[in-house]
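On the provided structure of chain A, position chain B as indicated by the hints.
Number of protein chains: 2
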Amino acid sequence: MKIEMYQMNPVIGNLKYNTQKHLDAIERAKKDHIELLVFPELSICGYAPEDLLLHPSFLDAMSVCLDQIVKASKGIAVTVGLARRSSRYGEKGLLNSAAIICDGRLLGFQDKWLLPHYDVFSERRYFSPGHDMHVWEIFGKRVGVIICEDMWQNASDIIKSTYPRDPVRELVDYRPEVLVNLTASPYQYMKIDTRLKVCQKAAETLKCPVVYCCQVGANSELIFDGYSMYVSKDQKLLKLGKGFVEDRIFIDTEVAERPLNLTFDPMHDLYEALKLGIKDYFHKTGFKKALVSLSGGVDSALVAVLAAEALGKENVTGYFLPSKKTHSSQKKGVEKLVKNLGIQYFELEIDPIVDVYKKAMENTMHEMKPKTLESLKSRVRGALLMAFSNQSEALLLNNLNKSEMALGFCTLYGDMCGALGVIADVKKSQVYELCEWINRRYECIPRETIDRTPTHEERYHPKHGEEGIDYLVVDKVLTGYIEESKTVEQIAKDTHIEKSIVEALVKKIYMAESKRRQSAPPLRVSVKSFGIGRRKPLTLSTKQIDEIY
Amino acid sequence: MKIEMYQMNPVIGNLKYNTQKHLDAIERAKKDHIELLVFPELSICGYAPEDLLLHPSFLDAMSVCLDQIVKASKGIAVTVGLARRSSRYGEKGLLNSAAIICDGRLLGFQDKWLLPHYDVFSERRYFSPGHDMHVWEIFGKRVGVIICEDMWQNASDIIKSTYPRDPVRELVDYRPEVLVNLTASPYQYMKIDTRLKVCQKAAETLKCPVVYCCQVGANSELIFDGYSMYVSKDQKLLKLGKGFVEDRIFIDTEVAERPLNLTFDPMHDLYEALKLGIKDYFHKTGFKKALVSLSGGVDSALVAVLAAEALGKENVTGYFLPSKKTHSSQKKGVEKLVKNLGIQYFELEIDPIVDVYKKAMENTMHEMKPKTLESLKSRVRGALLMAFSNQSEALLLNNLNKSEMALGFCTLYGDMCGALGVIADVKKSQVYELCEWINRRYECIPRETIDRTPTHEERYHPKHGEEGIDYLVVDKVLTGYIEESKTVEQIAKDTHIEKSIVEALVKKIYMAESKRRQSAPPLRVSVKSFGIGRRKPLTLSTKQIDEIY
Chain A
29 MKIEMYQMNP VIGNLKYNTQ KHLDAIERAK KDHIELLVFP ELSICGYAPE DLLLHPSFLD
89 AMSVCLDQIV KASKGIAVTV GLARRSSRYG EKGLLNSAAI ICDGRLLGFQ DKWLLPHYDV
149 FSERRYFSPG HDMHVWEIFG KRVGVIICED MWQNASDIIK STYPRDPVRE LVDYRPEVLV
209 NLTASPYQYM KIDTRLKVCQ KAAETLKCPV VYCCQVGANS ELIFDGYSMY VSKDQKLLKL
269 GKGFVEDRIF IDTEVAERPL NLTFDPMHDL YEALKLGIKD YFHKTGFKKA LVSLSGGVDS
329 ALVAVLAAEA LGKENVTGYF LPSKKTHSSQ KKGVEKLVKN LGIQYFELEI DPIVDVYKKA
389 MENTMHEMKP KTLESLKSRV RGALLMAFSN QSEALLLNNL NKSEMALGFC TLYGDMCGAL
449 GVIADVKKSQ VYELCEWINR RYECIPRETI DRTPTHEERY HPKHGEEGID YLVVDKVLTG
509 YIEESKTVEQ IAKDTHIEKS IVEALVKKIY MAESKRRQSA PPLRVSVKSF GIGRRKPLTL
569 STKQIDEIY
Chain B
29 MKIEMYQMNP VIGNLKYNTQ KHLDAIERAK KDHIELLVFP ELSICGYAPE DLLLHPSFLD
89 AMSVCLDQIV KASKGIAVTV GLARRSSRYG EKGLLNSAAI ICDGRLLGFQ DKWLLPHYDV
149 FSERRYFSPG HDMHVWEIFG KRVGVIICED MWQNASDIIK STYPRDPVRE LVDYRPEVLV
209 NLTASPYQYM KIDTRLKVCQ KAAETLKCPV VYCCQVGANS ELIFDGYSMY VSKDQKLLKL
269 GKGFVEDRIF IDTEVAERPL NLTFDPMHDL YEALKLGIKD YFHKTGFKKA LVSLSGGVDS
329 ALVAVLAAEA LGKENVTGYF LPSKKTHSSQ KKGVEKLVKN LGIQYFELEI DPIVDVYKKA
389 MENTMHEMKP KTLESLKSRV RGALLMAFSN QSEALLLNNL NKSEMALGFC TLYGDMCGAL
449 GVIADVKKSQ VYELCEWINR RYECIPRETI DRTPTHEERY HPKHGEEGID YLVVDKVLTG
509 YIEESKTVEQ IAKDTHIEKS IVEALVKKIY MAESKRRQSA PPLRVSVKSF GIGRRKPLTL
569 STKQIDEIY
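Heads up: the sequence lines are chains A and B, in that order.
Going letter by letter, the first sequence gives residues 29 to 577 in the working numbering.
Going letter by letter, the second sequence gives residues 29 to 577 in the working numbering.
Hints in this document: simulated from the structure, not taken from any laboratory.
Quick caveat, the model's predicted, so the values are computed rather than measured.
In this list, chains with the same sequence are indistinguishable; a pair is considered to hold if it fits within one copy or across any two.
Here are the simulated BS3-like pairs of lysine-lysine, each with C-alpha atoms no more than 25 Å apart in a straight line: (1) K387 to K352; (2) K514 to K543; (3) K556 to K543; (4) K386 to K353.
Next comes chain A alone, as it looks inside the complex (with noise of 0.2 Å):
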């Protein structure tokens, strides 16, 4: 059997033009002889289109759109991810489900079993889970079609998995000759291995090749890096798609294939995640300009690189917004910067604006405190960016890292302006190894912006009265604490750092629980980022927080 994999980046909520590239996927298809083709999850209307699913007018449109691409099905099979109605399933009354077309006629609807509902998922809040499962008749094989989580089940072995139904065990009985999987699942640094092991499970417990089509693209925080697999009866993959773009991916049965080695470069694909995290968002909302703070660290280069990749250099302005107290290498640091990504750059001084805010202030307040004094400047840092953009209609970039997001060290209205959070789930220590990483393929961070504070000696904020602590230890509780779900004991003896410290740095995560709520989306890529995955109550004082971990 021929099979296509369309590997497709929908637009989240615009019917018509995710229906257009189905059609034109049909008929692309149609000419290359493709027996079966197969699109991801919900592709009609993207992965996750959240509460628009409330809306009855846009379920009917969804409806709308099957009807067309089964009618443009003539002469070939199709599998097309859409929610639907339902008023035999109780609760929700809406499906996560895939339409079976073949040869211009709708065969019927598998729906998904297994809905996610923790970090990032709340398929619960829309969907009731289906209970039917069946095999089609598609050119004289018999397929088996599932959605996305309901093959996780079946490999609790090694991933935590606690369902109590499992699609594909259940699937045994059906007998399928081939399993498609329509799928859409986030990009998380390293994950790839897993979907594989996956995918390798489900073709040992059916006997069957697996057919994964993933979508790809990026919806504000989640990023969906494609890479659908294709694994044989006997476990092997055989083809793999692109990481981060759309891609065609074509299967022969019948055919003997080379099996592949899954090898990948983390880095790499961290660093393409980010860059079509910022350009899905700027693509989707109809942005084409954007603008970055640059300080001459390697937070604000490293976003600065991505974005000139993500969007063109023509697209991308920087600007350098010193005050009396920044060092000339953080200037000299910046012009590299922007001479070898070759963007537009601007300085402004901050100081005579930081002066008539003082001199304002004067009467209300005796002494302005050092804190006070450390966020109005970065407040008028931000209000300067905001000004630019509102003025050039660019988006303002956010460089904040997940280790200063998680700590709080960073100023509401200040540095935490911007429209996304670029490498807000990427810690302060992956940010260096990321900018090694492009320099070794091409030179562009300046060295005196890498090394100017030698790694193991940068602190955070000793200014605002923090103890200075090596940011190597404040990752590593970071990526214990909320990566791994470890308590602070764990932690402790884990890393070997003192009980007392990691206590104290939890500590510090809560208490900026309320800054967060108001930062900008983070794009995600690890297990757990500070976005819609993870949800605290602001309400938690000092006191309270000892009885948590």
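Coordinates of chain B only, in the frame set by chain A:
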């Protein structure tokens, strides 16, 4: 049977504090010869604990608290709410339970069957639904115990509810002599009436009295109003807890009580809800003092009144930050208001600061666009207010109303600054209503503030090039689209507002999504606020929006 409902205000996550409240309440109840003491839903951890429930150590600690409460319950029966692990239950392995304790012994648990996961509720993220039903022998009475939502499916003829099971109906065979419901039901304008009907329906189905014990208190966005109820077998309201404060409600099932009429003043409740929202946010996060930006308009006046009442006038400072364009009547309004409220007040002109920004930016832009300038002014005010906030360790309250938040008539990092969106779920028309209501009690909001721009002429930022739209029109569209989930067509038909205007306003709502994403948490008082209960994709462009409604 002598029953006490303890309408308790827990602090989310503060297990020690909450447990002590349980222990104190048990001691008091024993002295008062109470046989059964009822606490609200999740009383040990507070509702809603959100992702704290994902910490195993937090769950462990909760079970230790339960042990303490069991031990303290010699000679009395108690029902408390908590989250508990149970390996018997699939997927989440965690249950939202009521512990039934009698005379120092834990009789068992009744688990919540119906887990709300819509709007602001995400219980499926944490809990598996319960399956078992019991009736409990307590001092010779057969007592049925259920949790909150478990009672709502039974009233599906009066409210929209589509759960496949109905715990109340399934309790019938157990012939309870009294039904106890542990509840955490957030305040919503005019909701109390519905709650009574739901209680009455359960009393009718079970032919027994209903003891409906509610949580009270505010937890960032959600405000719990209390108003616990006792409804007789023949569906009469016999007892009603106080609104917006902790309360002990005493019931003697053997004594014939005079039925009450449920009368309530919606404006009083709205006012009290907002006050409690402020008070508890400060109390629970450990802050004492608030700043309010005063403009001489109704919105800021309302917030100042609420803050002064919630926190005490000595804890509220007003700031009037006029520009050259500010009208003298605004200043007069502010002066009268602060005098009436007796709060401290500072005035500071923003023009010198705005001018120095303009000068600094001269070299980088030909002419500042009006929109850039307007936003800059707003951000100068924001930076000043935040500097005062940093300096005095007072939280800034945000003054934006729901109509402005809906249409995006607000400036990120400018008038959107603040820790709490006090009236962000109150429409402009309700702001006026509330001001008039306040003045009827005590004339504190100056007439010139209320009348400054006559109600029917109030326009939304015509200076931004927006066509002047009457806020009454805006509010009707807002009510229809956001709160009543109507389509554009329906709204046009129902309100006689031109369809093109409805459409233009709905588009504006979507275009402001990314701004709202960074807004202060709004105090939720309507059926649908712009907060955690409304999740729209950020990557929607104007083109797409046409297809959604």
